[in-house]
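Student: Spelled out from the first residue to the last, the chains are:
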Amino acid sequence: MSQTMLELLLRSLWETVLMTAASGLISLLFGLPLGLALVATDRGGIACNRWVNSLLGAVVNGFRSVPFIILLVALIPLTRLIVGTSIGTWAAIVPLSIAATPYYARIAEVSLREVDRGLIEAVRAMGGGRWAIIREVLVPEALPGIVAGFTVTLVTLVGASAMAGAIGAGGLGDLAIRYGYQRFETAVMVAVVAVLIVLVCGIQWVGDRMVARLDRRA
Amino acid sequence: MTQHFATIEGVPPPFDTALSETVVRIVDLKRRFGQTPAVDGVSLTVRKGEVLGIIGRSGAGKSTLIRCLNGLERPDSGQIFVEGREISGLSERELQPLRRRIGMIFQHFNLLSAKSVEENVALPLKIEGLPKAERLKRAAELLDLVGLADKAKAYPASLSGGQKQRVGIARALAARPAVLLSDEATSALDPETTRSILALLKDINQKLGLTILLITHEMEVIRSIADRVAVIDAGRIVEEGAVWSTFADPQSEVARSLLAGIRPQLPQAIAARLAGTGREAILRVDIAGEAARRPLLSELATSIPGRFRLVHGGIDTIQGEPVGTLFLAVETASGGVAETIEFLNARKARVEVLGYVTDNA
Chain F
14 MSQTMLELLL RSLWETVLMT AASGLISLLF GLPLGLALVA TDRGGIACNR WVNSLLGAVV
74 NGFRSVPFII LLVALIPLTR LIVGTSIGTW AAIVPLSIAA TPYYARIAEV SLREVDRGLI
134 EAVRAMGGGR WAIIREVLVP EALPGIVAGF TVTLVTLVGA SAMAGAIGAG GLGDLAIRYG
194 YQRFETAVMV AVVAVLIVLV CGIQWVGDRM VARLDRRA
Chain X
32 MTQHFATIEG VPPPFDTALS ETVVRIVDLK RRFGQTPAVD GVSLTVRKGE VLGIIGRSGA
92 GKSTLIRCLN GLERPDSGQI FVEGREISGL SERELQPLRR RIGMIFQHFN LLSAKSVEEN
152 VALPLKIEGL PKAERLKRAA ELLDLVGLAD KAKAYPASLS GGQKQRVGIA RALAARPAVL
212 LSDEATSALD PETTRSILAL LKDINQKLGL TILLITHEME VIRSIADRVA VIDAGRIVEE
272 GAVWSTFADP QSEVARSLLA GIRPQLPQAI AARLAGTGRE AILRVDIAGE AARRPLLSEL
332 ATSIPGRFRL VHGGIDTIQG EPVGTLFLAV ETASGGVAET IEFLNARKAR VEVLGYVTDN
392 A
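Chains F and X supply the protein sequences, listed in that same order.
Take our numbering: the final residue in the first sequence is number 231, and no numbers are missing along the way.
Take our numbering: the final residue in the second sequence is number 392, and no numbers are missing along the way.
Just so you know, these hints were derived from the structure itself, not from any lab.
Misleading hints may appear alongside valid ones.
Said to hold, decoys possible - Chain F regions said to be covered by chain X (calculated; three or more residues, Cβ under 8 angstroms): (1) 134-140; (2) 143-157; (3) 220-231.
Just so you know, even glycine gets a beta-carbon here, dropped at the ideal spot from N, CA and C.
One chain only, chain F, in its complex shape:
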């Protein structure tokens, strides 16, 4: 493989890592509170509110049902507003984040819902309010699941970022399509896939290690 190709591969890897990390962090930042809100406003939740719950549920489902490639294009005006341009790696982070946030919110919601209601009751019985329940019970008790879900989200983002090539964001997926698929350069294709496998395995390994360290349940 030529020197230029290696440089291209490294640059693409960096673009993929950047897109995955930035949109992953944003989805964590917004998805976790959204997941908390979905659980809290649900029936029997700590801030039960049917209207808010239905509204949030509808918004989450709405974004999740739009195919990412369409979201990528449909969000161009918003992307331009936020990033200033609608093409490039940074521009891809906007639609990636907006797709990953409701996705992660649902995953976080599942973990938060699994927290034993008896624990919430115990903290209420000791005089704790909603904030104490969130901070002392819901988040810490669901943390292994929250981290495991974040790992899943990151891996999904690695895959989704391949489509970001459509708006010139670069990245490994884009490299594989342009060089490997469209120009029949099998070596490039194989190299990209190998790098992707290593990247995904790395993310999963770190995530699993963190979950094992956090989980005090057994």
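Starting from the known structure of chain F, arrange chain X on it as the hints suggest.
Tutor: Just chain X now, with coordinates in the frame of chain F:
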């Protein structure tokens, strides 16, 4: 008010004043779920320093009742006073500071798995806003009290059930509550562990003068720790009184049925052969207090003409009072049955003729 509980080594207040003060008062409490009333007009008083046990079968409403006391459950009507303050009708936010005056322990312990033992114990104080050093110091005191000082840094998953409940007790006591609510706290534990947890609760009750209100479906729990018992059935208190007197003379069907497991029963072999007539009359003799302190059988043997034998029975000590049930087989031939009953009744024993048997067994 809280003075007696100010230190862990605090001495209990004098007995009579301890019982004169009311900590919890419930007036005509009602709570229904849909069409079924769970609590249907309960009135109860818990006095300072006492252990009140509420017993009932599952579904009798005891859990709903105890959960109303700290506002985890909202009553439909009626009033609840804790330390003289009415808590029914308060908002969730208004209830929060009051709940710190009410400790609670649970059947499934409800310890936070992500927090260490000391963090669990210190949590009520964290919620209250105490600085970390202070709350960890208090947690250490309490872990010492429940005998788990060496487990402070451990996580709940590594503890046995009994140890978990000890942590639960320490946590419930952290904020120096006026009353401890126990929601079937020993129901998930084996008999031996149950005994040690009950002994700990009794010890805390005596050492700290802590008022305890517990619910259970096991008479054994009532027997070993409660001063007074209230029997609840279908959402109503059907019987209430000192534990020993309820054991000696249960008034309600529920109390009798719940007692059946731990009071002497006529052996099945004899019960199966009871008939309308026979060579011996089988008497059930219930004695308590004075009647159980005297040499009753010896007196009976020398006073009546007929012979009798002891088939089954025993005398238990409950709250320092002897409470017993004896099953006697009295020979009918000499006509001593009526005399025996009369003799025993005169000595405050309750006698019931269960039936007759012919062959010895």
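Student: Now tell me if each hint is right for this structure.
Tutor: Structure-based check of all given hints:
Counting residues of the region 134-140 of chain F whose C-beta sits closer than 8 angstroms to any C-beta of chain X gives 7, which meets the bar of three, so the coverage hint holds. Residue count for the region 143-157 of chain F with a Cβ under 8 angstroms from a Cβ of chain X: 6. That meets the three needed, and the coverage hint holds. Counting residues of the region 220-231 of chain F whose beta carbon lies closer than 8 angstroms to any beta carbon of chain X gives 4, which meets the minimum of three for the stated coverage.
Of the numbered hints listed earlier, not one is contradicted by the structure.
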